[in-house]
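Protein chains in written order, with my numbering: chain E, 1 to 300; chain R, 1 to 319.
Since the hints were made in silico from the structure, they are not lab data. Errors might be hidden in some of the hints.
To be verified - Straight-line C-alpha distance at most 27 Å; calculated DSS-like pairs for lysine-lysine: (1) E:K196 with E:K209; (2) R:K210 with E:K296; (3) E:K298 with R:K210.
Keep in mind it's a predicted model, so treat the numbers as computed, not measured.
Now for the letters of each chain:
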Amino acid sequence: MTSLITTLDPRSRAASRGWSDTTIRNVFVIPTVAFLIIFNVFPLLYSLGFSFTDFRASSKAQVNLVGFKNYVDVLADPVIWRTFTTTLWYVIVSVTGQFVVGFGLALLLNRPLPYKGLLTTLLMLPMMLSPVVVGLFWKLIYDPSWGILNHALGLGRVAWLSDANLALYAVAITDIWMWSPFVMLLSLAGLSAVPKHLYEAASIDRAGKLYTFFRITLPLVAPILLIAVIFRTMEAFKTFDIAFVMTGQPAAELISSRLYKMAFQQWQTGPSSALAYIILIMVLCITNIYVKYLNKAKER
Amino acid sequence: MAVVSTRAGRLGNRIAIAAVIVVTLIFLSPIYWITSTAFKPLVLATSVPPTVVFEPSITPFVKLFTKRAQLTTPVDPAVYEAAPWWEKLVLDGGERLSRDGRGEVVFSAYPDRFANSLIIAVTSTLLAVSLGTITAYGFSRFRVKGEADLLFFILSTRMLPPVVVAIPMFLMYRAVGLNDTHIGLIILYTAFNVSFAVWLMKGFIDEIPKEYEEAALVDGYTRMQAFFKIVLPEAATGIAATAVFCFITAWNEYAFALILSNRRAQTAPPFIPSQVGTGLQDWTVIAAGTVLFLLPVAIFTFLLRNHLLRGMSFGAIRK
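This is chain R alone, in the form it adopts within the complex (with noise of 0.2 Å):
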């Protein structure tokens, strides 16, 4: 980095810190955008010129949860005094909510695909983990025979355009009957993470010195045992770091969840823009079902910012 010190330099130095924050802001734009309109009133979402400045309401995200129909009479003021609060805001925008048969309000399909996002995500992550960390072990100290051959056929099954697997792997499903399952999504996100966090797990590895495991062996530790009560903890850093990126992936995954399911397992990233259909569409719920979906994603950003570098180069490059 070159010393700064010259009057020329400082100035230099200002304009790089105003042009990085400009940088940022345009950047960060895109993601301001979608954010506000989830908490836009209906008519401004779509507004000719566009509203930028606005009066925030939740209503998106109870429409979110909800099924709703079109008013079609203006509604009796005592059933309006009579709604909670956040039924008068669906009742606002001249929509009702559908109720079952027992008066209960209907839920969207938007949970139940959110939820199938978590369960797959969450139980892929923990299998690819699991077992990409004892492969990583096993390559990491042992000598295994065509090392650099299996290493590469690992990653480049993480590489392959998911199109050119989604074929066979439907046909397969479907021979099996796994094609719309949970199952069928868990197993093919393990196999497809898995390959990643061996890569990533190997570098972690790696870098805990030999030494402890061998003072281990010498204290009368099996392998295993050092194994769990040496390695395991000094890699926790790593494990947690290589979970969150195989979440990550599993979390936005769309081609495989697209061809592989389309209701009872299906996940949000194929359910939210199949909520764009032709015609008029309220773009305040799409945004606020996006918003939700991103923010864990921008939450685990934040937490795993000192091991993205990382993670990104497959553990090849660290900081």
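Here chain E stands alone, though its shape is the one from the complex (with noise of 0.2 Å):
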């Protein structure tokens, strides 16, 4: 090995002393990756040997195994379904929304204006908020008496946030207002990587406006909105905290909040088990899809 002496001296000090770059590799990956193993994959093994017991947490009783019966009873749970597809329509509706209302604001954006950059920051500031805050004080605003809203717009006692047709609209009125402007965000991304060069090959051959925006601007920028409306499904779907602080209105249950119900409040934690894994399943396929079109992205 080396002497003394040479470890004064950097150049062999790098040939003999230094961590050899497999070690560096190894010491630098695989903490995380072991640490993501035991704080994620670990418990979902766990859970998912709950889910095939009648375990509640909330008892010390006998815990038996039931089989498949937790997730044969989950499936055939009509307020189960309800939530589903209540969460369903919620997501339709959120998402809709954010594309409308977030790629408008980039098509308005998307031109020399006096600072647009502080602009566009302040559109910027409700996704960075705190969901469950923003519903609180979209609580106060929707409030049938003394809400802003019903003033606002004229409005009589509407009361939006206990009326089962309109709680999930309101619901998802709030989270357009939140996320709207990350599709914004991506949209102008994509907006400004149009070659301009293509515009003024359009206007040279007098193409309509029309034209110009379905036969080049669309085709360009879809790829970056298809990313965002895919995130935003999946982050809607998995809906939580602004929806479970805003109304507690049966007609607008998302799925989360009845897993929360299910296995905090009524600790069936079997059956809750259950329905997470289902959950699991179906959002890791979002996922998947996901992280397709963002290494897509990248390439370009």
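Two independent chains are provided; combine them into the complex using the hints.
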């Protein structure tokens, strides 16, 4: 090995004393992967086990294996089906809303504007805020008697959050307010990446505005829009905080809230683990699609 | 971008500018509303019709930090005169401050919850960014077996719905006594953020030319020295941006905090809505707590404005 003298010479130290690249790679990568396995994979395996039992975290009763009973029960439960349908409808309404508002805003902003940077940053503010706190202050805004929304729009005492027909839309409106800026941000990036010479060529050919939009702008922005939509779909599907804090209306109950109530209010640990697994598989499927498009975007 | 030179084009542009300003104002109005509520006297917070113009007061913030009780008898004028200005504000509202045996003002739970949020968010951010940076360097510079699969695995842990993960975590934490502890939430937020940090930092490190390190290696640096003295300073902006993103995520997190903490380690997000009970509630105090809680994020959003796109797309899309 090395003598004391050579350690003082950086050149020979590099050759003999420093960690090899393989060691560095292992030391740099393995702890994170191990950490994630311990705190994400292991707990999930743990709950996979529970999903086949009648375990209740609130009692010390004997735990029995019940096979696929929990899965069958969960899938046969009309309340769970209702929350699944509600969630699906919520995802459609809120992601469509975000897409329309966000892309519209991006088209408006995609031109030389005074204070453009400041305006975009201000528009970005809602999505950075804590969803639960946003839900809370929208509750004040939606209040039927002293809420500003009914007064500003000249509506009477519309009970946005307790009306079975409105509650879900009220939550979706808040979600659209929060997340349209995200779609706008990504759309703006897509729009600014469209090569200018294409527009010049189109104007030389005297192409109409609509033609230019549908034949040049939209196809070139589509890949990034798709990323925005898939990401928001995934997040909307998982929505918990905003809906949970805003309304207790059963007609607006989302699947995550149902899961929370099953697991931590009714303490049905076994069935809720089964439901958690069903949700998990759905989310992983969307994630898979999302990552595929992310990697595609990276390659461009 | 269309070349705007025609008269119609210029008009269109003016309309667009007006529209942008109107939309921005609409977007900011909910934030304005909660902020203004935080400065309203109690009676105006829930007045019908809502009050838009009023004389701002900071009473809600005094009330936010203190424990109070309703005054049953009118306050003694001598006591009122002797009280400091902030106590007068509370007395004016028909309440008195609670005091402990030694006559010290008793604080509300808010400062504790705020401090919990700060401790947990800062510590988990430091851990997640440190781990994330070295892992990203490993993935960026060395050949890792099954790299694409590992990176997908790392990202997918971030995508899991919090309630799904919280069920087993709650049971595990209960078994080892980590429920309602700072360390429990710090570990969980680190795990949640490290995946994000890896993805974002990998993008930043990929952009640093390998030649910089190779030159340093030729000059006799070890790989580690090259990493610390060349790569880290070059990645400083990226590290800062990643840290701010991780901080905001941990600061805003609700589901894990709701399930895995209830008092000692409870953070502000589950605490703030828990003040809204049934019956009469003081919306000015809730608004004051909300504004104070949202303020750091608002400041960070401005500092981060040039990196928002990158952070939001997990480093996939750069400007």
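Would you list, in rising numerical order, the hints stated earlier that this structure does not obey? none
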